[in-house]
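Each protein sequence line maps, in turn, to chains A and B. Heads up, the first sequence is in the working numbering, so the first residue is 1 and it goes up one at a time. Heads up, the second sequence is in the working numbering, so the first residue is 1001 and it goes up one at a time.
Source of the hints: derived by calculation from the structure; they are not laboratory data. It is possible that some hints are incorrect.
Away from chain B, derived, C-beta distances all over 12 Å, residues of chain A [what the hints assert, rightly or not]:
no.: 1; residue: Arg-5
no.: 2; residue: Gly-9
no.: 3; residue: Arg-17
Which residues of chain B face chain A? A few of them, derived with a C-beta cut under 7 Å, are [as the list claims (entries may be wrong)]:
no.: 4; residue: Glu-1097
no.: 5; residue: Val-1153
no.: 6; residue: Asp-1157
no.: 7; residue: Val-1163
no.: 8; residue: Asp-1165
We put the CB at the ideal spot given by N, CA and C, even for glycine.
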Amino acid sequence: MSEPRFTKGQRVRIADRTPPVHHRVPSYVKGQVGLVERVCGMHPEPEKCIRGDGKPFQRIYRVRIPQNDLWAPYEGTNGDKLEIEIFEHWLESAE
Amino acid sequence: MTDHDDHNHTRTFQPDHPEPTSDAALVGLALRELLIEGGYYTAEEELAVIAKMQGASPDNGGTIVARAWTDSDYKQRLLNNGAESIRELGFELEPYEFTVMENTDRVHNVIVCTLCSCYPRALLGMSPAWYKSKSYRSRVVREPRAVLAEFGVNVEDDVDVRVHDSTAELRYMVLPQRPDGTDGWSEEDLAALITRDSLIGTQRDLELKRSD
Chain A
1 MSEPRFTKGQ
11 RVRIADRTPP
21 VHHRVPSYVK
31 GQVGLVERVC
41 GMHPEPEKCI
51 RGDGKPFQRI
61 YRVRIPQNDL
71 WAPYEGTNGD
81 KLEIEIFEHW
91 LESAE
Chain B
1001 MTDHDDHNHT
1011 RTFQPDHPEP
1021 TSDAALVGLA
1031 LRELLIEGGY
1041 YTAEEELAVI
1051 AKMQGASPDN
1061 GGTIVARAWT
1071 DSDYKQRLLN
1081 NGAESIRELG
1091 FELEPYEFTV
1101 MENTDRVHNV
1111 IVCTLCSCYP
1121 RALLGMSPAW
1131 YKSKSYRSRV
1141 VREPRAVLAE
1151 FGVNVEDDVD
1161 VRVHDSTAEL
1171 RYMVLPQRPD
1181 GTDGWSEEDL
1191 AALITRDSLI
1201 GTQRDLELKR
1211 SD
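Excised from the complex, chain B in its bound form:
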């Protein structure tokens, strides 16, 4: 990169990252600098988004699920209007519609984006590498039961499998079933049972573990 003396570039990428060298990375960096210089957004706004993305994790999903398990009115609001109901817990996923699909004794839900790799990243953090793989994206719509079996999920024939292809402006999360033997547990203990894969639907049964 060339240094200019007439103005300061605002470095929004992280200082401990290596200098970008590939053409694509340099074009990306140049575009960011132009957008900031052009006043489309500020470096502070970009850093705030990066910080928010980095703070997102499946733990947020755990908080939402634990509330839904312990408050049936909340669960209904969550299933009817995910975007509005997660705001009650201090989360948001604008401009996407947040859509929660409930697992039951008769239904198992699994999420995919066949066109790219849409994922509620600002809420649940980075998606797993396999979620972005061509293999998962093409196979889970075509043979969901076989793919689920490879994840160790054997879905009985009396359970319907619903595959949700996240192709546009909705983002999805599975509401897993509350495991037996958790009566009276605190929301905190319940939230700790939630795994990333259970929120995507590549895990069905949650493992019991308690913090104390």
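Bound conformation, chain A alone:
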């Protein structure tokens, strides 16, 4: 298991790209910035799973994004958040 590149509370940006293969990042969070809510385990990388050997594994992070950043206008409060699982290779530091 490789060491996590990001830590809880770190500000991260989700990559804005659309590879021509199955991937698990919905378009509405691409390019968005959030805080790492928790560091999760290692799981098979969806883009490469198609090879059939289930590899390679990548770290998953839960990222918390303010709803006000995602949608304009957003009908809710400043405290409302969206939390989503993102694989490590989709994240970069935004500090």
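Position chain B against the provided structure of chain A, taking the given hints into account.
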């Protein structure tokens, strides 16, 4: 389908189901037969998975929630590591990470999978039809308070709404708040209060009802 005399197909679909006729169903059946014939898994293993899926229900969630309500150490373990802590109660959800989100006076959690319809099915059984609908999946991330209101849940402005989009290898369950007036209740009576929707977050307040 063609009958072969040289080997026996293992019928893993249920005998009282109608014969599959659509192309997609036939391809699915053919794939299952090939995987079994190729030795990737056995018909017995597939039947065991089907039986386990059919045995799963929100009652399992009720058992977990009732334990968390009555044992604060257990609740902490559940929130820190859901997968490990439900094993203590005889449940498992491998290979997924089981993640439990606690409702409080200040936080309301609601679960969705915008990409497909990920759900802790092997633990809580089939998800409701609306959970898989395009409408719920697209709207609950965009306007959660409006969607919750349609379910009869009016979240006050001093309560944060947290939407959890289950997009990868985690599966989620909401830990609802224990209702007032249930002091001293047995775990069994508490578990009976839990509804499927309260575990998804489209219900916030549980209705008091007691078995005796």
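Here's how the hints hold up against the structure:
{"no.": "1", "hint": "Arg-5", "result": "holds (17 Å)"}
{"no.": "2", "hint": "Gly-9", "result": "holds (16 Å)"}
{"no.": "3", "hint": "Arg-17", "result": "holds (16 Å)"}
{"no.": "4", "hint": "Glu-1097", "result": "holds (6 Å)"}
{"no.": "5", "hint": "Val-1153", "result": "violated (13 Å)"}
{"no.": "6", "hint": "Asp-1157", "result": "holds (5 Å)"}
{"no.": "7", "hint": "Val-1163", "result": "holds (5 Å)"}
{"no.": "8", "hint": "Asp-1165", "result": "holds (4 Å)"}
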